[in-house]
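Those protein sequence lines, which keep their order, are chains W and Z.
Take the first sequence: its position 17, counting from 1, is numbered 17 in this note's numbering, and each next residue is one higher.
Take the second sequence: its position 142, counting from 1, is numbered 142 in this note's numbering, and each next residue is one higher.
The set of hints was computed from the structure by calculation and includes no laboratory data.
Any given hint could be a false lead.
Unchecked claim - Between beta-carbon pairs, the in silico distance windows are:
no., chain 1, residue 1, chain 2, residue 2, range
1, W, Gly203, Z, Arg17, 36 to 44 Å
2, W, His33, Z, Phe22, 38 to 46 Å
3, Z, Arg23, W, Ala207, 48 to 56 Å
4, W, Gln146, Z, Ala112, 41 to 49 Å
5, Z, Arg17, W, Gly150, 48 to 56 Å
6, W, Gln146, Z, Thr76, 39 to 47 Å
What the hints assert, rightly or not - Restricting the straight-line Cα-Cα distance to at most 20 Å, the calculated cross-link-like pairs of lysine to any residue (SDA-like) are:
no., chain 1, residue 1, chain 2, residue 2
7, Z, Lys110, Z, Pro37
8, W, Lys388, Z, Gln42
9, W, Lys388, Z, Ala104
Unchecked claim - Chain W residues, not near chain Z, derived (Cβ > 12 Å throughout):
no., residue
10, Ala107
11, Pro263
12, His358
13, Asp367
Keep in mind that this is a model prediction, so the values were computed, not measured.
Backbone N, C-alpha and C define an ideal beta-carbon position, used for all residues, glycine too.
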Amino acid sequence: MSAAGARAEVVTPAPVGFDVARLRHEFPILRSHVNGHPLVYLDNAATAQKPRSVVEAEADFTLLGNANVHRGVHTLSQRATQAYDDARATLARFINAPDPAELIFTAGTTASLNLVAQSHGRTVLTPGDEILLTEMEHHSNIVPWQLLAGQVGAVVRAIPVTDAGALDLAAAARLIGPRTRIVAVAHVSNVLGTVNPVAELAGLAHAAGAVVVVDGAQAVPHLPVDVQALGADFYVASGHKMYGPTGVGFLWGRRALLEAMPPWLGGGGMIQQVSFDGTTYAPVPARFEAGTPPISQAIGMAAAARWLQALPWAEVEAHERDLLDYATALVSRVPGVRVVGTAPGKVSVLSFVLDGIHPHDVGTVLDTRGVAVRASHHCAQPLMRRLKTPGTVRASFAVYNTRAEAEALAEGLHEVRKVFG
Amino acid sequence: MSSASELYQSIILDHNRSPRNFREIKDASRSAEGYNPLCGDQLRVWLKVEDDKIADVSFQGSGCAISKASASLMTTVVKGKTPAEAARIFESFHRMVTGQGGPADDLPAKLAVFAGVREFPARVKCASLAWHALRNALEQAGTDPVSTE
């Protein structure tokens with residue numbers, strides 16, 4: 001099919017009930033140009049753009065409310081502490097956590113996973129214990145467990161992924177056994193968009209006495225998350241992938257688990273009493289927040305959660321599903337394209353390869369047309385090996401993307417075919 | 001930034017499709033691997049150095065069009081040169097792709113097709129991957145992978 005054919009699809013109206021054009025107004029960057037073309041930002045799974053309200057919440061605090069938290073008797077410090085604790089409560093509600101004290105602010109998903117591995121994992125694991133991951137994990141949900149396994153003599157295993165990019169639940173049931181202590185799984189795959197059956201996995205894991213750690217980085221921008229319904233024991237995410245700031249994320253954990261965990265990082269703010277004879281530690285969550293936390297970023301992340309919660313979710317999900325279906329149909333018509341990840345119910349992440357053309361070259365040609373995609377192994381090299389490809393091109397759609405942008409992607413791919421013959 | 005066709009010149013596309021000296025040298029005197037952790041591009045360069053001359057040079061591996069074409073053209077350019085001459089060509093090539101100067105007089109003419117790379121900073125490492133491996137093979141007779149990071 002020709003590029004002109006792809007353009008003809010413009011007349012098809014998108015079944016969208018809410019006003020995407022108005023929503024895009026909140027994102028000034030979406031009006032910018034790159035390489036002489038209007039920016040088509042389809043790298044949302046790497047980081048999402050931020051709405052004005054998020055940036056303003058952060059800026060307002062920094063310009064007008066800045067003070068350290070849990071430190072001063074002065075009014076400004078107390079206000080900052082209040083704002084920081086409010087942010088904690090907002091994010092706890094965002095994932096339906098039963099108690100805000102169970103939510104720890106971290107530097108991001110990676111820091112959260114390392115915290116669970118080094119504090120919980122290092123305490124409970126003994127030689128020969130098993131840590132069960134999946135073949136579709138991001139390196140951030142692999143390497144911390146490998147480091148831990150090396151320290152305690154544990155074994156890391158992985159649940160296989162089917163050709164369609166779904167988790168093999170039957171294999172998971174076989175792999176979860178009496179030595180399994182930790183099952184760590186992405187809620188949503190950053191490469192495939194697959195939504196994993198976390199509740200079913202949690203059922204299997206809990207029956208074997210294992211805890212479930214859920215990497216929610218790619219889930220929180222796309223789905224309402226309910227950590228209690230999922231049966232998760234730990235749930236982690238980053239601010240910047242959910243339309244919030246970089247440098248901040250959270251770790252939610254069940255209170256009993258958190259209370260049994262020793263501190264990971266030591267410093268100010270996480271202690272009860274310090275003396276050279278011994279130090280006692282603060283209760284959760286402060287125990288895990290050594291040093292000055294990312295205060296303005298936490299406030300910005302909470303603003304992002306409020307912004308997301310105010311969206312009409314049924315319509316957002318319909319819009320993102322439409323974008324995915326529409327883009328998948330257009331991209332599939334480009335000669336030599338193979339879509340990678342076709343699990344039912346996936347979120348708006350579209351990975352694909354072009355026969356005989358390296359993803360990097362595809363990414364460069366698209367970039368000359370203002371279309372930003374990710375072209376790489378997506379920090380998921382074991383998954384690339386499983387799929388027998390050095391990498392994929394990934395177009396990841398956010399709530400503010402449009403059908404016209406999916407068309408720009410498809411037209412760009414027809415151009416790639418033209419350049420490479 | 002320039003257009004895609006300025007980067008992907010026909011010579012580059014040709015060498016990507018049909019890379020020259022894309023084979024292993026069984027009796028190579030030296031070889032080294034090049035690896036770009038950013039994109040996973042990986043190639044190995046084999047060398048046969050006789051009487052201070054690169055008597056034969058080859059490569060194998062997988063990567064993008066830029067890294068593959070650059071490796072292919074590199075093998076055609078350095079064959080018959082001394083290791084010192086090859087090193088000088090790399091220096092000149094590197095200056096060109098990083099935008100520190102146009103194609104210098106001492107740069108073999110066919111490498112000028114990579115002049116467009118300077119407009120694509122993300123792709124400089126692709127263009128220089130094989131050259132780094134070559135330099136490693138020449139300098140260290142090494143077997144450790146070299147990285148462009």
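> Among the hints numbered above, which are violated by the structure, and what are their numbers in rising order?
Replying inline: 1, 5, 7, 9, 12 and 13
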